[in-house]
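Chains as they are written, first to last, in our numbering: chain A, 35 to 346; chain B, 35 to 346; chain C, 35 to 346; chain D, 35 to 346.
Simulated from the structure, these hints should not be mistaken for laboratory data.
From the three backbone atoms N, C-alpha and C, an ideal C-beta is built for every residue, glycine too.
One or more of the hints may lead you astray.
Restraint-style ranges between C-beta atoms, simulated for each label pair [as the list claims (entries may be wrong)]: (1) C:121 - A:331: 52 to 62 Å; (2) A:81 - D:271: 28 to 38 Å; (3) B:232 - C:314: 37 to 47 Å; (4) B:86 - A:167: 32 to 42 Å.
In silico PhoX-like pairs for lysine-lysine, Cα to Cα no more than 25 Å straight-line [claimed, not checked]: (5) A:123 - A:75; (6) C:301 - B:161; (7) B:82 - A:161; (8) B:161 - D:161; (9) D:230 - A:282; (10) B:82 - B:113; (11) D:282 - A:230; (12) A:301 - D:282; (13) D:161 - A:230; (14) A:282 - D:113; (15) B:161 - B:175; (16) D:301 - A:161; (17) A:301 - D:230; (18) B:301 - C:230; (19) B:301 - C:161; (20) C:301 - A:301; (21) D:301 - C:139; (22) A:175 - A:139; (23) B:301 - D:301; (24) B:175 - B:139; (25) B:82 - B:123; (26) B:282 - C:282; (27) B:230 - C:282; (28) D:113 - D:139; (29) A:139 - B:139; (30) C:161 - D:113; (31) C:113 - C:123; (32) D:161 - C:301; (33) A:139 - A:113; (34) D:282 - C:161; (35) D:301 - D:161; (36) B:230 - C:301; (37) A:301 - B:161; (38) B:123 - B:161; (39) A:161 - C:161; (40) C:230 - C:175.
This is what each chain is made of:
There are 4 protein chains.
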Amino acid sequence: ITVWWSRAWSSAAGPGRLDLRGIYPPIATPFTASEDLDYPKLEENLHKYAQIPFKGLVVQGSNGEYPYLSEEERVEVVKTVRRSLPTDKLLMAGSGCESTRATMKLTERMAAAGADTALVVTPCFFKGRMDSRALIQHFIKVADCSPVPVVLYSVPANTGLELPLDAVVQLSQHPNIIGLKDSGGDITRIGLIVHKTQAQDFQVLAGSAGFLMAAYCVGAVGGVCALANVLGQELCDLERLCVSGCWKEARVLQQRLIEPNTAVTRKLGVPALKQAMEWFGFHGGACRSPLQPLTEAETQQLRRDFSSNGWL
Amino acid sequence: ITVWWSRAWSSAAGPGRLDLRGIYPPIATPFTASEDLDYPKLEENLHKYAQIPFKGLVVQGSNGEYPYLSEEERVEVVKTVRRSLPTDKLLMAGSGCESTRATMKLTERMAAAGADTALVVTPCFFKGRMDSRALIQHFIKVADCSPVPVVLYSVPANTGLELPLDAVVQLSQHPNIIGLKDSGGDITRIGLIVHKTQAQDFQVLAGSAGFLMAAYCVGAVGGVCALANVLGQELCDLERLCVSGCWKEARVLQQRLIEPNTAVTRKLGVPALKQAMEWFGFHGGACRSPLQPLTEAETQQLRRDFSSNGWL
Amino acid sequence: ITVWWSRAWSSAAGPGRLDLRGIYPPIATPFTASEDLDYPKLEENLHKYAQIPFKGLVVQGSNGEYPYLSEEERVEVVKTVRRSLPTDKLLMAGSGCESTRATMKLTERMAAAGADTALVVTPCFFKGRMDSRALIQHFIKVADCSPVPVVLYSVPANTGLELPLDAVVQLSQHPNIIGLKDSGGDITRIGLIVHKTQAQDFQVLAGSAGFLMAAYCVGAVGGVCALANVLGQELCDLERLCVSGCWKEARVLQQRLIEPNTAVTRKLGVPALKQAMEWFGFHGGACRSPLQPLTEAETQQLRRDFSSNGWL
Amino acid sequence: ITVWWSRAWSSAAGPGRLDLRGIYPPIATPFTASEDLDYPKLEENLHKYAQIPFKGLVVQGSNGEYPYLSEEERVEVVKTVRRSLPTDKLLMAGSGCESTRATMKLTERMAAAGADTALVVTPCFFKGRMDSRALIQHFIKVADCSPVPVVLYSVPANTGLELPLDAVVQLSQHPNIIGLKDSGGDITRIGLIVHKTQAQDFQVLAGSAGFLMAAYCVGAVGGVCALANVLGQELCDLERLCVSGCWKEARVLQQRLIEPNTAVTRKLGVPALKQAMEWFGFHGGACRSPLQPLTEAETQQLRRDFSSNGWL
């Protein structure tokens, strides 16, 4: 495959490369009872998150229910977060759409709205045709036009496809693609991605708290974790233990986080994340339809998954 | 589950129920070289389709690349088709979005643009939470507000989920939900859906030409078939043979259609459909990115799948 | 791929080819309370099956729990059935093992024990390596040495793999391979197999009652149906309606059989088949461990699936 | 779920529990050109493995092609290994069969043949019925009768099912079940299993070299790794680095092992493992049919996966 971009650009990219290391909550989007955006509650959450040593925030990862927001809403939420966010914190904005042209346009709007970096999910509707060739073309076009660095985003539980390893390796050479959020959790794959992209200073972020410690172990530099909306300080503690090599203490903490994390992701999803946020002093509230509130049995299950690990 | 709508409405719905019987091409969307909508080419295709005894057209099924069109474009294409379409042909317009609120709004716009019926795909991004409860709520809300009858749309190859049978049966009782386009191709399921919805005069359409004859055999009333963009008359012939009980002739024709159909759907997708359209005198053209043109090897495979069955 | 066998043999094979047309129950294997083979109960079942116009019996399809029988038991059961079976009924004996050498040996023993034809399942343990190349080699070696004609057997629900279409087409040219039992139920695939093997007079059997009518519709010649252990006469009635072109009556009957069939196969499996056999006057009894008896809730579900369709 | 065994037994089990910590090659089974067992070559391999600081050997894990061996052969291979193996090395023998009764019998034979512990794979043929209830019953019956401790074995790539977490936790309380070989590689699950079984001193072994370091990181105590047949010393080095907390050095080594490991497991399987063994001075040889030798292209791929990581 031909390399489209200039080598001069590439070699220049190294020194100034945006440093992604750290923990990011992919923030939930609060709605009113009538399912409209609730900006005051969003800002209260942001105010509380400012007390936690996050590296930054992800706005409109999957947990932000971005597929349920209009393009205008997506941009407006980013603007709102930008106004509240201290300048030393990164704002990573999800700008992925199904078509390349829509993704390019939204990425530019996100940059204009204040995003430091764009998180671009794999398009997935025609999954039978989304092979490496198509995905590489897509991400190159987006990265070529993006005013801010691009982070790739692979989340097979939602999209039904994984960004293939050879595509990641190829794309890691693009000067404007600086990392990957991998939510699939295949630790062998994550280790291999780190290995095969080490010449590019490519930065891998664990996409879930369940395998955060293991990801650090094999070379990831941080995590974008739904659970950080709820137990943000604890995830920053886990980061610190991993980075400082306190693996035994890290293991104890990591193990207590797996069940709560699974509950708010794979098992019960965004409605559970928002419910747990309420228990821990944040505004979660309802989801937009068709996401339904938890049933009573699901709520009890969620509570058990936190309480049996000593968090409630 | 409670039934939300009025029984009076339900009993009144029977007599005037829209008759869906027949064959529909889910029309492809032509683009210019710069990926803009090419309305003149669309109209030339429509002019040619008018010579074929279709029951109507599906605008913005998956083959129309609807996830790559903006909302404005989706509505504009429907208006364009409506202007060209004889009044005795049905216009079935795809109006599904991820959120219920967006789907409701787009369905209303599609009706205003001239759609006779709305084809509503299952939302799928948070597939782990799209159980029967969520999907039933979604479709009921859409059907409650839709000015035109709703046809459910299950297409697991693209969405990664199948509308569960119990949800179909429950939704078939809604007076404004009149049928299902099933693209999954599980003939046992299709037979069972016909069986369990027979009291509701619920109309099942085969979502692909590969199992069209078998679907008629177990009680489907028609088909929405990508291949009808290419071999439309032949699919109408197959319909006639099935409806008139000429099963032996039908079988011969059906068998010759399987490989071409698989080629333009599961195997090579929309780019192949558009390429084959070119060979048969229609305007296909390119797809929007990230869909890529066929490789040379894929084009040869496609040609073989048509020629080895006597179509080229 | 080279064709290994002699063309002379091949051309000679046509006239005398074993005729598989008709319905076969893949008979269940009765056990005593201590999980030993219960030959008297087996013979009582055989006596009752003799009253039903089956084409023959399948001994040690999946429903016979063959993976739980020793090689000696597998052969002994075939001998027992052969002694009871009228000479005008076919005995199709499952002889598939994981290794080619074991399959070859068992196929020879089955023929010696009185099998008219051998049903050979795809080996599946190393599923990542069971591509067409490996499977074609396997079946050719078995067919080359088998004293009786071989029927291929694809059952993805149990094996996790489907015998690829290109392998079926290639193998259909072997003079000692006369057909396929396809339990996957993909009716598009079944139609295409019939189409691409028509020059070989290759005989396709539906592997489940749920898609029996549709399979006849696209060109299958019979069915091996678990449900025939319970509703054997009804399945023979369905066969007669399909073969004689009474599609409307066939459809009514087929639809009533889908839920009972799904219950004793995909949904609740062999324990449900054996429970239903008890209700209909046959000996089912327990399964060998690790198969567990139905729970009370499962038994009620099973009863509903029969009674709601008018069978109980 | 009731606990069937005596608490007295359970409490007594702790002190004498067999210590599984360390690295085990699941040894390949050499065959002659005619596919017979080649005991002299097996013994030469064993002689070489004796130079490597393995904790022991696994005889008849999947890489031993156990589904292709007769019961007699399986036992005979274990006897042969036992004769060669120093008494301070553990012999873990695969004794899983599809039926509980066959597994119980073979486990007893393996113990008599000299196995220190039995590795019991999940039965899998009727995968739709192999829920926690069935699997728990199966393993309890086997563990109750086994003269040696039992290690559970979950290998979804071959069996198509994963031993559910709740079943593992329940079974970890059985005094004669001492650990799990987990080949699925879901590091979140492995961490959670360690967490939820810590009161039982349950020992988890990574089932593949690709995630060995990550597994140590979250609490595993060793690994059964196909690649140890080829790069045994290197895997023992990796173990030492992990156990002694040299995570940076461990990471470098781990990363170089991922591609060779994937090549001899998921990507190219046992034939590749045996080919690589030849390159590294061991006897691999052919596999039993239906496993086919590598194609020329596959062999080149395999070589690249070793050479690009500096091993060839």
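Each hint tested on the structure:
no.	hint	in the structure
1	C:121 - A:331: 52 to 62 Å	holds (59 Å)
2	A:81 - D:271: 28 to 38 Å	violated (50 Å)
3	B:232 - C:314: 37 to 47 Å	violated (26 Å)
4	B:86 - A:167: 32 to 42 Å	holds (35 Å)
5	A:123 - A:75	holds (20 Å)
6	C:301 - B:161	holds (22 Å)
7	B:82 - A:161	violated (31 Å)
8	B:161 - D:161	holds (23 Å)
9	D:230 - A:282	holds (17 Å)
10	B:82 - B:113	holds (18 Å)
11	D:282 - A:230	holds (17 Å)
12	A:301 - D:282	violated (34 Å)
13	D:161 - A:230	violated (37 Å)
14	A:282 - D:113	violated (41 Å)
15	B:161 - B:175	holds (19 Å)
16	D:301 - A:161	holds (22 Å)
17	A:301 - D:230	holds (18 Å)
18	B:301 - C:230	holds (18 Å)
19	B:301 - C:161	holds (22 Å)
20	C:301 - A:301	holds (23 Å)
21	D:301 - C:139	violated (31 Å)
22	A:175 - A:139	holds (11 Å)
23	B:301 - D:301	holds (23 Å)
24	B:175 - B:139	holds (11 Å)
25	B:82 - B:123	holds (14 Å)
26	B:282 - C:282	holds (16 Å)
27	B:230 - C:282	holds (17 Å)
28	D:113 - D:139	holds (16 Å)
29	A:139 - B:139	holds (23 Å)
30	C:161 - D:113	violated (29 Å)
31	C:113 - C:123	holds (14 Å)
32	D:161 - C:301	holds (11 Å)
33	A:139 - A:113	holds (16 Å)
34	D:282 - C:161	violated (36 Å)
35	D:301 - D:161	holds (24 Å)
36	B:230 - C:301	holds (18 Å)
37	A:301 - B:161	holds (11 Å)
38	B:123 - B:161	violated (35 Å)
39	A:161 - C:161	holds (23 Å)
40	C:230 - C:175	holds (23 Å)
Hints 2, 3, 7, 12, 13, 14, 21, 30, 34, 38 from the earlier list are contradicted by this structure; the remaining hints agree with it.
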